[in-house]
Amino acid sequence: MEKYLYIALFAPFVSSLFSALFAQQKKMQFVGIVAPILIGISLMSSLLLLSHVHESGEAVRANLMDWIVVGDMNITFGFAVDQVTAVMMVVVTTVSTVVHIYSNYYMDHDISFNRFFSYLSAFVFSMMILVMSDNFLGLFIGWEGVGVCSWLLIGFWYHKKDESKDVNPSVSPSWAANEAFIVNRIADLGMLVGIFLIYWNLGTLTYTEVFAQLGTLDHTLLVWIGITLFIGAMGKSAQFPLHTWLTDAMEGPTPVSALIHAATMVTAGVYLVIRANPLYSQIPEVSYGIALLGTFVAIFAASMALVNRDLKRIVAYSTLSQLGYMFAAAGLGAYWIALFHLAAHAFFKALLFLGAGNVMHAMHDELDIFKMGGLKKKMFWSFLMMGLASLALAGIYPLAGFFSKDAILEAAFNEHTYGIWFVLWLTAGLTAFYSFRQVFIVFLGDERYHEIGAHPHEAKPYALWAMSVLAVLAVIFGWFREDFMEFITKFLPAYEMSEHTHHMVWILTIVTTAIAVTGILVAFFKYSKKLNRSEKTENSFAYKLLYNQYYIPHFYEKAITKPYAELSEIAWQELDMKVVDATVDGIAKTIESSGDVSRRAQDGNLSSYLKWMTAGFVLITIIAVISVVIK
Amino acid sequence: MTITLTHYLVLSAILFTIGLAGVIRRKNLLMLFFATEIMLNAANIAFVSISSFINDLSGQMFALFIIAIAASEVAVGLGLLILIYKKYGTLDLDKLSTMRG
Amino acid sequence: MSNILTVLIFFPLIAAIFGFMVNQKSIRVYGITVAAAEFLLSLWLWASFDSTNPGMQFVEQLSLIPQFGISYYLGVDGISLFIVIMSTLMTLIGIIALSVKDDIKNMIITLLFLEVAMIGVFVSLDVILFYVFWEFSLVPMLYVIGAWGGNLRLYASIKFFIYTFAGSLVMLIGMLYMAFIYHSTTGVWSFSLTDWYSLILPFDVQKYLFLAFFLGFAIKVPMFPFHTWLPYAHGQAPTVGSVILAAVLLKMGTYGFVRFSLPLFPDASVAYILPVGIIAVIMIIYTAMIAYAQKDIKQVIAYSSISHMGVIVLGTFAMNTEGIAGSVFLMLSHGIVSGALFLLVGVIYDRKHTKIMSEFGGLAKSMPNFAVVFGVMTMAAVGLPLTIGFIGEYLSLAGFFKVSPTLTVLGGTSIILGAAYMLKALKNTFFGPITNPENENLPDLDAKELTALIPLVAIVIWLGIYPKPVLGPIDTTTKALVQMMHNKAQTKEAKATILVSKPKKEAK
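Chains as they are written, first to last, in this note's numbering: chain A, 1 to 631; chain B, 1 to 101; chain C, 1 to 508.
Here chain A stands alone, though its shape is the one from the complex:
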């Protein structure tokens, strides 16, 4: 099985290197064929591993080689495929394969076609390292690796120029890329500190050894480890207050948004919390904090999605919101449910993004949904798939989202955290509303796209076929909830609902479905005929607040970015040049000028030399006399 492990891991790497060979040449079709095939091979191996783990119930382990061996530190490139990893691998490679195929269509006319595949495969490789590593530092390699690939891919169209924030909220692709990288770095520092804490207190970084020894640590320390690791997770999963980069990351090509910023990378934080479940289950207060933060982010992001007009940003907010759901579940101890939602979300959200990609292509990269409308006639299949994905997202029976989101709500109810339940329930309604607001505005109503002179067309059939895989998964994945639970709880702690909750399940389901359906209906009546806009609402304070993302990006700009730049300028010009360096030069100048002064004593006049001599003689005599007297 080790063989398949390495194939699954390195096939994307080979794909990346292969594409990189041609990165600077113009488009070569075979790159777009070889890359998906190699990712597909990785998918096959992942599936084999999954079935092996399923049958044997044992993790597959492999140790490639030593990495850092210093002092007591002994870190290897060790990999372990257990139930959680196997699920993650299959999810990652499935979405990746689809996105790779789809990219052939989306990036068809791009000059840097080959380069794109190189980056995309490199991302898959990093993600595989992230989920497959058997120790925290290996995870960190992947963690940073996906960060760099994300940086490369967000800034893929690096040649675009910087705009002001009013024209383009994310300034430019390279700006957004830098923002994403730097914000993630803040979180990574937190994670590093967590790793240091683990190392110095347990002497190892391997998951199994760490989790086995957790009992030996005192509670405060565990809390610190839990918090610092979670800070790392917050950055990667774009949780408040480190969330702004995710929407700006939409500057990247849409397949990237689908793969990285919806299905895989952003869920790495959730993966970390699930992976570290033995830790988090020992520190309920931190877990509860995670659940609260997740809940807050769920409704916070959903509220911003309500008014946004940018096709991709709406989906990005919904991703953020769903990540909040996952953290809420993980924080409440329902780790397997979090993982289940993670997988389901990956499928339908990637589908949603790819659908958005079709729309963008059809609209010549226009993103303002108010300029679209009535696209259903021209793009029926895209409409169908985006509709399906939105239904899944809204949690409508029998699609995947229904089963996973419902389980989270049940868990919230079961824990007697009714506040969390209520907020998540409310968010479910908001989710349904904004997703269908988008679908209806884009696909139904009057055909506003004529105004901007667009000629929409349906995507190429192979792109649609690739998407259909995700569509099928988005529909049927939820049906396997029981099997999934049985499989995964061999590794993750089972989550049992109490008797009380069991009785309530029907009611809860109905209530949840009711609010989702309400949301869809509201959206339908408001937007299905034509675009209803009211000046009054759009000028209201609440609308503006939401539209400007609660002014948080502005706040960051004013409170962090600008002051930092100004402070740097002061540190350089005022402090370093005028204080530190001036002191150094001042010392040198003092010595020089003192020499200049004493130089005058040597005026060449014998008479004055004699005076100096006499003065010196007298001085020495006086000193001699005084010293004699004192003695």
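Simulated from the structure, these hints should not be mistaken for laboratory data.
Keep in mind that a hint or two might mislead.
Quick list of in silico lysine to any residue cross-link-like pairs, SDA-like style, CA-CA up to 25 Å [to be verified]:
1) 95/B with 54/B
2) 578/A with 402/C
3) 27/A with 402/C
4) 589/A with 142/C
5) 365/C with 18/A
6) 536/A with 521/A
7) 27/B with 94/B
8) 424/C with 242/A
9) 558/A with 375/C
10) 402/C with 213/A
With chain A held as given, fit chains B and C onto it using these hints.
Leaving out everything else, chains B and C in the frame of chain A:
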């Protein structure tokens, strides 16, 4: 009133001071020479008087040495002075400050 | 070849003297040949190095002034071995990439003299010999900056010389005093470092000696607030000067900490952890901010060097194997990465004769290979895992975390601030539209530049993935060093802080 050692030493000190003042104040090189001669003689008086006081002839011997050296010094010095005068036409120290730093 | 170290030192010296006779046309080939031979010799040194032996190897000793115990005493261990190899490598790369137009002959001869000094510093085990090489290294560098520099070259070179020289003099006094103490304790004169190691000094004496040595090393590193000579030196130096300065000369300071301060004064080192740590953290954050404000890309890298040296200092004062080995590794990785970055800046300077970032923008389009190499080096500079930059930075911070978590977190901001200024520089130079039409047709890296840069890229990735061949010997020697410090330590605090690693078998 007998003349004691103190009187000689006071005389020596007075002469030395006069010589020193001359060295400091005089601007003419020739006068400087005279002033140094006065200082040397002040030292001689001190040597001789102390030598007689402690009954040790070394001091008087020293004085003789000093007279001899002073004589040869004057011979060489005056020769140099004549050369300087021939070259610069003056013996004024303020005008001879070519070694200014 | 038992006297390989002597050969390593004197081969470039003799070659440099013969260099005067070589004519202008063939001097480049001559220089490359000599530097390559020297590099191969240093590789041979590595090949015949016994990595399980933590002590000094290839030892040579020849009495010079027996009355004062001064001798010609050489040796390498796991710590100095790789710095020597890096010195020969960077000299070779520097000569290959040499783009100086006039007086190339003198430049190459100067570089060979510089190489002599650098190797001499790292292999000397006699303190006087060390000091001679240490000061000798200033002269060729002074000449490189003063003769081939920019407009302010005289100011910069004199500042560089006098500043570092002043610090060294204080260090010399410390050295002489140390020898005096050795004489008064044992009754014999000795300037041999290994003899000094066996001496246990009273704590009060250690404190003063530590400070004397510290001043010499701190100016060389350069530590805040003694750093201001560096931006001028880098700003004015020609490319090859900056490469050698950043890659090797700065490392002399941190090497001095590891070779002198820690083993000679373990108690004082422990006592001064806090002030040194605070200075290092200030240095990391403060210079990172200054780097962010720079308009000139070379200055960004110059200040980033200072910031990274701060992390090295943190690692050195971690007082455990992880930290010290990490800081030694970081010295190597910083040498290679910053050297490469200066080379890359030189590439663009040769084409445009400016280093101001606003003149550029969109270069990724016209110079894709250049952008790729720059990108790799940037990533190594910001400490991306699987590049050489990560391992040293991670280990240094991990090591210091044991001593002071708070300072480590503050120092760890270097990974954030470092990303901020490097990515800003990268964006301003390479991304965005090409605003200046002159930049549209800039030629990409040529064969000469690729020859110089590709080996560095290969090393950056190789040692990032598989650092064991280098980290192994460093680890062995560092463990012995820490053990020795622990045995020598007198104060209770020092005993507790200096953390000896478990023996290998027990750890497994």
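Verification of the hints:
1. For a cut-off of 25 Å, the pair hint linking residue 95/B to residue 54/B is broken: about 47 Å separates their Cα positions.
2. At roughly 37 Å between alpha-carbon atoms, residue 578/A and residue 402/C are farther apart than 25 Å, so this suggested pair is violated.
3. The suggested pairing of residue 27/A with residue 402/C is violated, with an alpha-carbon distance near 52 Å, which exceeds 25 Å.
4. In summary, the hint linking residue 589/A to residue 142/C is supported, as the alpha carbons are separated by about 20 Å, within the 25 Å threshold.
5. Between the alpha carbons of residue 365/C and residue 18/A the distance comes to roughly 21 Å, so the proposed pair stays at or under 25 Å and holds.
6. A distance of roughly 22 Å separates the Cα atoms of residue 536/A and residue 521/A; the hinted pair therefore holds under the 25 Å criterion.
7. For the suggested pair residue 27/B and residue 94/B, the alpha carbons sit about 7 Å apart, so the restraint of at most 25 Å is met.
8. Annotation: proposed proximity of residue 424/C to residue 242/A holds, straight-line Cα distance about 20 Å (limit 25 Å).
9. A threshold of 25 Å between alpha carbons decides the hint, and for residue 558/A with residue 375/C the separation of about 29 Å lies outside it, so the pair is violated.
10. Distance check on the hinted pair: residue 402/C and residue 213/A sit about 19 Å apart at the alpha-carbon level, within 25 Å; holds.
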